[in-house]
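The whole structure should be built from the sequences, with the hints applied where relevant.
Each chain, letter by letter, is given below.
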Amino acid sequence: MIKKHTQIKMNNNLTITIINILLNLIDVLCIVLPVLLSVAFMTIIERKQLAAHQRRVGPNIVGYYGLLQPFADALKLILKETIIPSQSNKVLFFLAPISTLIFSLLGWGIIPFGQGLALSDFSLGILYTLALSSLGVYGVLLAGWSANSKYAFLGSLRSTAAMISYELILSSAILIIILLTGSLNYNTIIEIQQSVWFIIPLLPVFIFYFIAILAETSRTPFDLQEAESELVAGFFTEHSSVPFVYFFLGEYSSIVLFSCITAILFLGGYNLPEVFVNNSIINLQSIILGLKTCIFCFFFVWFRATLPRLRYDQLIELCWLNLLPVCVAFIILIPSILVSFDLVPF
Amino acid sequence: MNNLLMLFFFVPFLAFALLGLNVLLATHKPDESKVSAYECGFSVIYGQTRSTFQIHFYTVAILFLIFDLEILLLFPLAVTLYQVSTFGFSIGIVFFIVLTIGFVLEIGSGAISLTNFDQPNQK
Numbered sequence: 013m014i015k016k017h018t019q020i021k022m023n024n025n026l027t028i029t030i031i032n033i034l035l036n037l038i039d040v041l042c043i044v045l046p047v048l049l050s051v052a053f054m055t056i057i058e059r060k061q062l063a064a065h066q067r068r069v070g071p072n073i074v075g076y077y078g079l080l081q082p083f084a085d086a087l088k089l090i091l092k093e094t095i096i097p098s099q100s101n102k103v104l105f106f107l108a109p110i111s112t113l114i115f116s117l118l119g120w121g122i123i124p125f126g127q128g129l130a131l132s133d134f135s136l137g138i139l140y141t142l143a144l145s146s147l148g149v150y151g152v153l154l155a156g157w158s159a160n161s162k163y164a165f166l167g168s169l170r171s172t173a174a175m176i177s178y179e180l181i182l183s184s185a186i187l188i189i190i191l192l193t194g195s196l197n198y199n200t201i202i203e204i205q206q207s208v209w210f211i212i213p214l215l216p217v218f219i220f221y222f223i224a225i226l227a228e229t230s231r232t233p234f235d236l237q238e239a240e241s242e243l244v245a246g247f248f249t250e251h252s253s254v255p256f257v258y259f260f261l262g263e264y265s266s267i268v269l270f271s272c273i274t275a276i277l278f279l280g281g282y283n284l285p286e287v288f289v290n291n292s293i294i295n296l297q298s299i300i301l302g303l304k305t306c307i308f309c310f311f312f313v314w315f316r317a318t319l320p321r322l323r324y325d326q327l328i329e330l331c332w333l334n335l336l337p338v339c340v341a342f343i344i345l346i347p348s349i350l351v352s353f354d355l356v357p358f
Numbered sequence: 028m029n030n031l032l033m034l035f036f037f038v039p040f041l042a043f044a045l046l047g048l049n050v051l052l053a054t055h056k057p058d059e060s061k062v063s064a065y066e067c068g069f070s071v072i073y074g075q076t077r078s079t080f081q082i083h084f085y086t087v088a089i090l091f092l093i094f095d096l097e098i099l100l101l102f103p104l105a106v107t108l109y110q111v112s113t114f115g116f117s118i119g120i121v122f123f124i125v126l127t128i129g130f131v132l133e134i135g136s137g138a139i140s141l142t143n144f145d146q147p148n149q150k
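Chains as they are written, first to last, in the numbering used here: chain U, 13 to 358; chain C, 28 to 150.
Note that these hints are calculated values from the structure, not bench results. Remember, predicted model here, so these are calculated numbers, not experimental data. Heads up, a few of these hints could be off.
What the hints assert, rightly or not - Label-pair restraints from in silico Cβ distances:
{"hint": "1", "chain 1": "U", "residue 1": "ILE28", "chain 2": "C", "residue 2": "PHE40", "range": "35 to 41 Å"}
{"hint": "2", "chain 1": "C", "residue 1": "LEU51", "chain 2": "U", "residue 2": "LEU319", "range": "39 to 45 Å"}
{"hint": "3", "chain 1": "C", "residue 1": "LEU92", "chain 2": "U", "residue 2": "THR29", "range": "55 to 61 Å"}
{"hint": "4", "chain 1": "U", "residue 1": "ASN24", "chain 2": "C", "residue 2": "ASN29", "range": "19 to 25 Å"}
Claimed, not checked - The list that follows gives simulated cross-link-like pairs (lysine-lysine, BS3-like), each with its CA atoms no further than 25 Å apart:
{"hint": "5", "chain 1": "U", "residue 1": "LYS102", "chain 2": "U", "residue 2": "LYS88"}
{"hint": "6", "chain 1": "U", "residue 1": "LYS21", "chain 2": "C", "residue 2": "LYS56"}
{"hint": "7", "chain 1": "U", "residue 1": "LYS102", "chain 2": "C", "residue 2": "LYS61"}
{"hint": "8", "chain 1": "U", "residue 1": "LYS92", "chain 2": "C", "residue 2": "LYS56"}
{"hint": "9", "chain 1": "U", "residue 1": "LYS92", "chain 2": "U", "residue 2": "LYS102"}
{"hint": "10", "chain 1": "C", "residue 1": "LYS61", "chain 2": "U", "residue 2": "LYS21"}
{"hint": "11", "chain 1": "U", "residue 1": "LYS92", "chain 2": "C", "residue 2": "LYS61"}
No residue lacks a Cβ here, since even glycine has one placed at the ideal position from N, Cα and C.
So, in C-alpha cells, the structure goes:
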C-alpha cells in the first residue's frame, strides 16, 4: 500500500517536471522563433532598402511585395550541397559557423521585451551581453583557420583584429551608461530612463557606441572581412550551404540584437515617457521596443548604402588613436561631473 | 530548469538539427575541383596557407587583452560610485592615469600604426 503510494507520488513529480520543461520550451520558442523570423525579414528589409536608396525596385517576385524571398533563399541554401574542402580541419570547419549562430542567438535570453517580459531577468545582463559579443570572435577566428584558404585566413585575421579593437569602445561606452544607472540589469536601466532617454545627455557617447557596434557586427564602413575586391568573401569563402546560412543568420541576428540593445540603452527600451499608460489589452511595450529597434536597423542599412569602406590601417588607427582616447576622456569626465556636483543618481 | 538554461540547450539543438536536415536532403557528390581550396581563376598554388602573418595582428590582440581587462575592472567602481564617493573615485582616477601613461607609451612606440611597422624606431 505504502509502496504504491510513493510510486504515484513519484509519477506525479515526474509529470510536473515534464510539464515544467515543456513550459520552459514554449517560453524559449516564443523568443527564438520570432527572432529567426525577424532575422529573415531583416535580410529582405536590407535588400529592399538598398534598392530604394539606389532607386531600384528590389526583390518583388516571390510572395506579395517580395516578402517570401528570405524563406525561398533559406530553403534553397538548405537544399544545396555542403562542400568540405579536402585540406580543411573538418571539425572546426563545422564548429565555427555553429558557434557563431549559437552566440548570437543566446544574446536574446536577457532582452526585456516588456515589463518583466524576458526569458531571464538577469541581474548581470550587461556583462552577459559583453561576454557573448566577445565570444562571437571565436567563430570568425576558427572559420578562417580551419578552412585552410588564404582568403579566409586573411579575412579572419583582419576581422578579428577589428572586432576586438572595437570591443573596447563598446565596453567603455556601456561603462559610461552603467555610471549613470548603477546597475547591470536591463530592466533597471530602462526604468531609470523614464525621465530622460540617455541619448540626450550622452549624444557623443552614443555616436562612439554606434560606430563600435557597426564594427562589432562587421558592417559597412567596417566590413573588411568581406572586402569583395580583395578577399572574395572574407572568412567564409570556403563555407557553403548550411554553414554559410549560419554565418548569415549570426550576422543578421547580431544586427537586430545590437539594434535592440541600443534601443534599450539609449532610447529607453519599452518605455515611452508619459505618452502611454499601459493598461490596454494589447501589450504596447513590445511594439514600442520593436519600433525603436527598427530605427537602428534602418541606420545599419542606411550606412551601408551611403558610406565607402575604410582601409584596414585606417580602421585600426581610427579605433586606437581617435576613438579610444576620447572614450577614456569621457570615462573620466562623466564620473567627475557626477561626483563633484553630487549628482550620482542612484 | 530555468528558461535561460533551456535556451542554452535549445539553440545548439536547433543548429545541429538544421545541419542534419541538410545532410538528409542535399546531394553530396564531391569531386577534385570542388573540394580544393578556393582560388580566383587559376589552379591552387600550394604552400600559401598556414604561413607566417604580420605580427601587428598579434600586438593588437595583446593590447586588447590589457585594455579590455582594465575597462572591465572599472565596472565594479561604476556600480558602486555612490557608496565609495570621493575617495573611491580618486583611487579610480589614479588607476586611470596609470592606464593612460601605458596608452601614451604604446602609441609612441608605434605598435598601432601598420604603415611604418617595419621601422619602429622611425622618428
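*Are LEU51(C) and LEU319(U) spaced within 39 to 45 Å by their CB atoms?*
42 Å, holds
*Going straight from one Cα to the other, do LYS21(U) and LYS56(C) come out at no more than 25 Å?*
Since the Cα atoms of LYS21(U) and LYS56(C) sit roughly 55 Å apart, the hinted pair is violated (cutoff 25 Å).
*asked:* Run the distance test for LYS61(C) versus LYS21(U): straight-line Cα separation, threshold 25 Å.
replied: Judged against 25 Å, a Cα distance of about 60 Å means the pair is violated.
*Confirm or reject the claim that LEU92(C) and THR29(U) have a C-beta distance inside 55 to 61 Å.*
The hinted range 55 to 61 Å is violated for LEU92(C) and THR29(U), with Cβ atoms some 43 Å apart.
*With respect to the beta-carbon atoms only, verify the hint that ASN24(U) and ASN29(C) lie 19 to 25 Å apart.*
21 Å, holds
*Would you check the hint for LYS102(U) and LYS88(U), treating anything up to 25 Å between C-alpha atoms as holding?*
Holds, because 23 Å separates the two Cα atoms, which is no more than 25 Å.
*asked:* Hint check: LYS92(U) vs LYS102(U), CA-CA at most 25 Å. Holds or violated?
replied: Holds, at roughly 18 Å.
*asked:* For a C-alpha distance cap of 25 Å, please report whether LYS102(U) and LYS61(C) respect it.
replied: Holds, at roughly 15 Å.
*Does the Cβ distance between ILE28(U) and PHE40(C) fall inside 35 to 41 Å?*
23 Å, violated
_Does LYS61(C) sit within 25 Å of LYS92(U), going by the straight-line distance between their CA atoms?_
Distance ~13 Å between LYS92(U) and LYS61(C) Cα, so the pair holds.
*Is LYS92(U) close enough to LYS56(C), meaning Cα to Cα at most 25 Å?*
Given pair LYS92(U), LYS56(C) holds - Cα atoms ~11 Å apart, limit 25 Å.
The structure does not agree with the numbered hints 1, 3, 6, 10 stated previously, though it agrees with the rest.
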